[in-house]
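If you count by full-length UniProt numbering, then the sequence shown holds residues 1 to 175, one letter each, in order.
These are calculated hints, taken from the structure and not from any lab test.
Yeah, the Cβ is synthetic: ideal placement off N, Cα and C, and Gly gets one too.
Any given hint might turn out to be false.
[To be verified] Okay, derived cross-link-like pairs now, DSS-like style, lysine-lysine, Cα gap no bigger than 30 Å in a straight line:
hint: 1; residue 1: Lys-55; residue 2: Lys-41
hint: 2; residue 1: Lys-54; residue 2: Lys-83
hint: 3; residue 1: Lys-55; residue 2: Lys-20
hint: 4; residue 1: Lys-138; residue 2: Lys-106
hint: 5; residue 1: Lys-98; residue 2: Lys-47
hint: 6; residue 1: Lys-150; residue 2: Lys-130
hint: 7; residue 1: Lys-83; residue 2: Lys-94
hint: 8; residue 1: Lys-5; residue 2: Lys-83
hint: 9; residue 1: Lys-138; residue 2: Lys-98
hint: 10; residue 1: Lys-22; residue 2: Lys-69
hint: 11; residue 1: Lys-55; residue 2: Lys-94
hint: 12; residue 1: Lys-138; residue 2: Lys-54
hint: 13; residue 1: Lys-150; residue 2: Lys-100
hint: 14; residue 1: Lys-100; residue 2: Lys-121
hint: 15; residue 1: Lys-83; residue 2: Lys-98
hint: 16; residue 1: Lys-55; residue 2: Lys-150
[As the list claims (entries may be wrong)] Derived DEER-like restraints, expressed as beta-carbon distance ranges:
hint: 17; residue 1: Asp-114; residue 2: Lys-69; range: 23 to 29 Å
hint: 18; residue 1: Glu-67; residue 2: Thr-111; range: 30 to 36 Å
hint: 19; residue 1: Ala-78; residue 2: Asp-114; range: 16 to 22 Å
hint: 20; residue 1: Thr-111; residue 2: Lys-83; range: 23 to 29 Å
hint: 21; residue 1: Gln-118; residue 2: Glu-67; range: 27 to 33 Å
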Amino acid sequence: MIDSKGEPLGILTRLQALEKAKQLGQDLIEIAPNAAPPVAKIADFQKFRYEESKKERASRKGNSLGELKELWLSPRIAEHDLKVRLNRTEEFLKSGHKVKLTVKFKGREMTHQDLGYQVLKEALALLGDKAGVERDPKMEGRKLSMIVGKSKGGVKLEGGQNAKTENKQVSNEKS
1 MIDSKGEPLG
11 ILTRLQALEK
21 AKQLGQDLIE
31 IAPNAAPPVA
41 KIADFQKFRY
51 EESKKERASR
61 KGNSLGELKE
71 LWLSPRIAEH
81 DLKVRLNRTE
91 EFLKSGHKVK
101 LTVKFKGREM
111 THQDLGYQVL
121 KEALALLGDK
131 AGVERDPKME
141 GRKLSMIVGK
151 SKGGVKLEGG
161 QNAKTENKQV
171 SNEKS
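Using the sequences and the hints given, assemble the complete structure.
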């Protein structure tokens, strides 16, 4: 048994606990029914529900920030079209989302997967220090995808790119 301030009152029977709650003008709330012995709290039920919903909202708020957005690209995408897509990517990154850049291969394009890697490399170069690689490019069936997130402002290289980004590009060229 716990009182409204969170201090233990000891082990009481159900009837004793209900009587104690009635004397204090509050409710008896069962916190952990499967514990041995079950844990109950004397508190105002409306206030308890409000605080629980407040905790739930706070936990949901933290989870929504990392939502993943996906943008489709083609291995034959034109330069201007790529820039338009990357402008959209920058907007998503500014609002706190991660972005999955996916190059979708159709038909015989699968034989030229290197074009997909080049498109992602060019996209990363155009994004510059605005984005950092969260997951390296990876083939998933007929799709080549890479996840980018907001850059943490890593170490800059002479070319203006992050060292982390440059390392990932070098490893992709080896593939």
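(message) Checking one constraint from the list: CA of Lys-55 to CA of Lys-150, max 30 Å. Satisfied?
(response) Holds, at roughly 27 Å.
(request) With respect to the beta-carbon atoms only, verify the hint that Asp-114 and Lys-69 lie 23 to 29 Å apart. (result) Given range 23 to 29 Å: holds, Cβ gap about 26 Å.
(message) Just to be careful, I want the Cα atoms of Lys-54 and Lys-83 compared with a cutoff of 30 Å; is the pair within it?
(response) 42 Å, violated
(request) For the pair we were handed, Lys-138 and Lys-54, check the Cα-Cα distance against 30 Å. (result) The hint is violated at about 40 Å.
(message) A range of 27 to 33 Å was offered for this pair. Does it hold for the Cβ distance of Gln-118 and Glu-67?
(response) Holds, since Gln-118 and Glu-67 (Cβ atoms, about 28 Å apart) stay within the stated range.
(request) Below or equal to 30 Å on CA atoms is what counts here, so check Lys-5 against Lys-83. (result) 58 Å, violated
(message) What's the verdict on Lys-138 and Lys-98, does the C-alpha distance respect the 30 Å limit or exceed it?
(response) 16 Å, holds
(message) Would the hint linking Lys-98 and Lys-47 be met if the CA-CA limit is 30 Å?
(response) Status violated; Cα separation ~37 Å.
(request) Compare the distance between the alpha carbons of Lys-150 and Lys-100 with 30 Å, and conclude whether the hinted pair is satisfied. (result) 12 Å, holds
(message) Can you confirm whether the C-alpha distance between Lys-150 and Lys-130 stays at or below 30 Å?
(response) 6 Å, holds
(request) Compare the distance between the alpha carbons of Lys-55 and Lys-41 with 30 Å, and conclude whether the hinted pair is satisfied. (result) Judged against 30 Å, a Cα distance of about 18 Å means the pair holds.
(request) Using the Cβ atoms, figure out if Glu-67 sits within 30 to 36 Å of Thr-111. (result) 35 Å, holds
When held up to the earlier numbered hints, the structure conflicts with 2, 5, 8, 10, 12 and fits the remainder.
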